[in-house]
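Student: These protein sequence lines map, in sequence, to chains P and D.
Mapping to the working numbering: the first sequence position 268 is 268, numbers consecutive.
Mapping to the working numbering: the second sequence position 40 is 40, numbers consecutive.
Take the hints with a grain of salt, since some may be wrong.
Derived, one-sided and incomplete: chain P residues facing chain D with beta-carbon distance under 7 Å [as the list claims (entries may be wrong)]:
id	residue
1	N4
2	R69
3	M82
4	D86
5	E148
6	E192
7	L196
8	I416
Examples of chain P residues toward chain D, derived with CB under 10 Å [said to hold, decoys possible]:
id	residue
9	Q73
10	S134
11	V153
12	I400
These aren't lab readings, by the way, just hints derived from the structure by calculation.
We treat Cβ as the ideally placed atom computed from N, Cα and C, and that holds for glycine.
Number of protein chains: 2
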Amino acid sequence: MYINIPPTDKERIVIIGAGFAGLSLARKLAKSSYQVILLDKNNFHQFQPLFYQVAMAGLEPSSISFPLRKIFQKVKNVFFRMTEVDRVDTAAQLISTPLGDLHYDHLVLAMGADTNFFGNEEVRRHAIPMKSVSEALYLRNAILNDFEKALNVVDYDERQGLIDIVIVGGGPTGVEVAGALAEMKKYILPREYKELDCDEIDIHLIQGADCLLKGMSSEASEAAERFLSDIGVQVKLNTRVTGFDGKYVSMKDGSKIRSNKVIWAAGIRANTIEGMPEEVITYGRRIKVNPYNQVEGFSRVYALGDLAYMEEKDFPEGHPQVAQVAIQQAENLAKNLKKNFVEPKEFAYNDLGSMATIGRNRAVVDLSRVKFQGFFAWVVWLVVHLFALIGVKNKIFVFINWLWNYMTYDQSLRLIIRPYLPFGKKEKMEKVE
Amino acid sequence: MYINIPPTDKERIVIIGAGFAGLSLARKLAKSSYQVILLDKNNFHQFQPLFYQVAMAGLEPSSISFPLRKIFQKVKNVFFRMTEVDRVDTAAQLISTPLGDLHYDHLVLAMGADTNFFGNEEVRRHAIPMKSVSEALYLRNAILNDFEKALNVVDYDERQGLIDIVIVGGGPTGVEVAGALAEMKKYILPREYKELDCDEIDIHLIQGADCLLKGMSSEASEAAERFLSDIGVQVKLNTRVTGFDGKYVSMKDGSKIRSNKVIWAAGIRANTIEGMPEEVITYGRRIKVNPYNQVEGFSRVYALGDLAYMEEKDFPEGHPQVAQVAIQQAENLAKNLKKNFVEPKEFAYNDLGSMATIGRNRAVVDLSRVKFQGFFAWVVWLVVHLFALIGVKNKIFVFINWLWNYMTYDQSLRLIIRPYLPFGKKEKMEKVE
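Next comes chain P alone, as it looks inside the complex (with noise of 0.2 Å):
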C-alpha cells in the first residue's frame, strides 16, 4: 500500500523530519518545481531552544510550538504527512512508513538527534530527558509532583531525594535549566511552599569536561560558571556520571549524591534509520556526507543538520550541532535543488556565534569578533531568540511572558496536568512514543 498522495508529474522530494533543517528546506522549496513531502512523527515545529523554559514552567508547549500545516496553507507543492518512517530501501527509491510506502525522486535525511544514554541501561530507565517538548513538560510535571510530595515527607534523607535536583551536562541545556531552577528556589518556591524549608534544596551541574559551555570561549565558560555559583548552583566539573538507580547519583570518583530527579543533558545521538548502509554511519550516529550534503555513495540522498557529518576546513570533526548548520545547510541545498545540481555550490558554514542564558539579566555571548557577558548579553539573547521563533503570534505570547516573568519574579504555568487515559484505551496509549 503506498500513502496517498496527489499523482503529479514533478519530481518528487521526501524530507523525513520536520526540525530545523527539514522544515527550512521545504519552506524553501515551496513554489518550486518539485513535488515536497515533508514527513514528521508530530503535527508541529519545535523550537528546541526554548524547551528548557518550558520545563521550567515560563513558558507553554504552543508558545514555542507551530503546526506545520498552518506553515503551508498557501502552498500547492507541498504536502505533509504525520508518521514515523520504518524503513528506507534506496535501492527501490522507496521509504515504509505505517501509513504506508512513499516513492521519491529525492530524499532528505533530517530526523536530527535524540538523547544520548551512552549505553547506560539503568541511567535510560531513571534520568529525564529533554529533547521534545513532551519532555520537557514532563520534567515539570515531575518537579512540581515531587514538592507537592517533600510537604508530607518527615524524613529528612526522603525529602531531599524529592526536592534536590542533579542535571548532567554543561552545555547550553545543562547550564539554562541550572540558572531557571536557581530562580525557582530563590523567588517562587519560599512563596509556595512556606512548609519546606527551600534551604535544604540543592541543585547540582555535573559536568564531564574541564569546564562549562565546551565549544565556547574561555571568557563564556567562566563567566558561565561564577553566575551559576553566585544563584547557588553546585557545580561539579571532570566528574562523570557513571549511574543513577532513581534514588542514588553515582559519580566516577565514588561519590553519590541522593536525589529522585536527574536531568539529563550530557549528550546526543542523531536519529537512524533502518535500511542506510553501515559505512555512511560514522560517531555519534551522524551520516557521512559531502560538501552538498549527498550522503556518501549517493546522488540523490541526503542528510542535513544534527544528523549530517560533513568535514569542511575549519570543521575538520564536523560541524557542531546547532541549529545555525542545519537552518544554512538547509539554504545551501534548497538553492542547489532549484538549480537541479548544475554548477552546485559547496556549504560553507557561517559562524554567527553561539550564546546561552543563566537566570535573570545574565547571558554569555560569543560573537566571531566580540565577546560579551552579563546584562547586554542577556538582552541580545532575548531579542535573538524572539527573533528566531516562528509566527507572530507565538513571538507576542513569548514576549507578554517574559515581561510577566520579569516583573513579577514569578513563571505562572506550574500546572501539573495529567493526561486522561480514556476508558478502555490504556493499550493505545502505552504505545505512543
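We have chain P; now place chain D onto it with these hints.
Tutor: Below, chain D alone, put in the same frame as chain P:
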C-alpha cells in the same frame, strides 16, 4: 499516619475540591480565625465554562487554569494539599487520603460533578467526555489525529467515521462545541486539509429534549437552533442515543450515524465520597442540604455547588448546577462560618442569568429582565467570561487569543502533544485518573 499539617489551636475546616465552590470558600476564609485545608487532585483551579475552547484548539489549558498555590501565596491560614480523598468517617471527624488521615472540625464537600453516562457501559467505553482540561485536550488531539488519518483513507465510509463528529447533549457545552466545530469546518479545515473534501464533514448535535438549552428561555433555545443550522450543524431534537460502539451511534428510533467520535455532554452526576450515609444522597447523586448548606443530619458537614441539593422556594427541585450557585453558596457559608453560625443566614440564590455562545458574533443571553440574541449577546458573553477568569495574566492571554482568532479566523493551537511515557515507568502512568 496523618497528613503533615502544621499544628494549630484554631478550628480546622477541610474543603474537598477547588472548583468554583471550594476555591471561593477558601478565599473568603483567608485570614479568618480558622485553619483551612484545601484539597484537590489537581494543583490548579479549572475554569469549566471555557473547556470547549481548549478542546477546539482556541485556548491553552494554562489560560483557563490557575495554580492554587499562587492564589494563597500571601495567606497564612490556608494550606493546600494535592490529593484524592478516599473516605470520610463522620463519627471520628476524619477523612482518609493516600497522603494519610486528616482530622476536621468542619468538613466541606465541594467535589463538583463528573460526566453521567447513565449506566451505559458501552457509551462510557467509547465516547469522549469533557469535564476536565485533560479530557478537553484529549478531545482536541483525537479530532486532529483523525483528520490526519483521514487523508490516507480512500474508503468513503471509513473516512466518514474519522471526519464526522456526533455531539450528544444540547446544553451550553454541546451547543458551544457544535458551534466551534462548525467554524473550524468552515474556516480552517479547507485551508489545512486541501486534499480532503470538507463538505463531507458532518457535525451532528443530538438532544433528548424537545429544545436546545433547556432551562433557558424559548427565545434563546430557538435562536441557538437557528444559529447552529445556519452554520451547518445538523440538530436532532427529541432523539435519545442508546448506544455507541466506537463506529456507529445508535438512536432509540433505530437510526444510526457513522462516526468514530462521540462527544458526550448529555449529563452530569455528582462526585460522591465513601462514608456519607445513603439517605442523604438523592437524584443525580446530589447530597441533601438545609438552607445553610449543612448536610441533612449533620451540623459540621457541608455540601456546596454542583453536588448540593437544596430546595428553595423558587427552586423546588434544587438549584441549577452552575458556577453562580456554587460561588454564592460558598459566600453565604463563609459568612455563617465567620460568625460561628450565630444567627446564620439562609441561602437565597440570586439568578444573574445565563448565556451560551454559538461561534463568531452569535450568542444567546437571558437576564432576569431582558433576553437578547446575536452580536450584542456575543459581546456580553465575551466580557462576562473574561472578567470571571482568575488572574490578570490569564485575562490578558485569553483576550489576545480571542482577538487574534477573531481577526485571523484561525485558532492556531492545533498541536497534538502526546504525553511522554518515561522508560520503565508505564505502570505509574496507567494509574493516573
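Student: None of the hints should be skipped; say for each whether it holds.
Tutor: Each hint tested on the structure:
| no. | hint | result |
| --- | --- | --- |
| 1 | N4 | 5 Å, holds |
| 2 | R69 | 4 Å, holds |
| 3 | M82 | 5 Å, holds |
| 4 | D86 | 15 Å, violated |
| 5 | E148 | 5 Å, holds |
| 6 | E192 | 4 Å, holds |
| 7 | L196 | 11 Å, violated |
| 8 | I416 | 5 Å, holds |
| 9 | Q73 | 5 Å, holds |
| 10 | S134 | 4 Å, holds |
| 11 | V153 | 8 Å, holds |
| 12 | I400 | 7 Å, holds |
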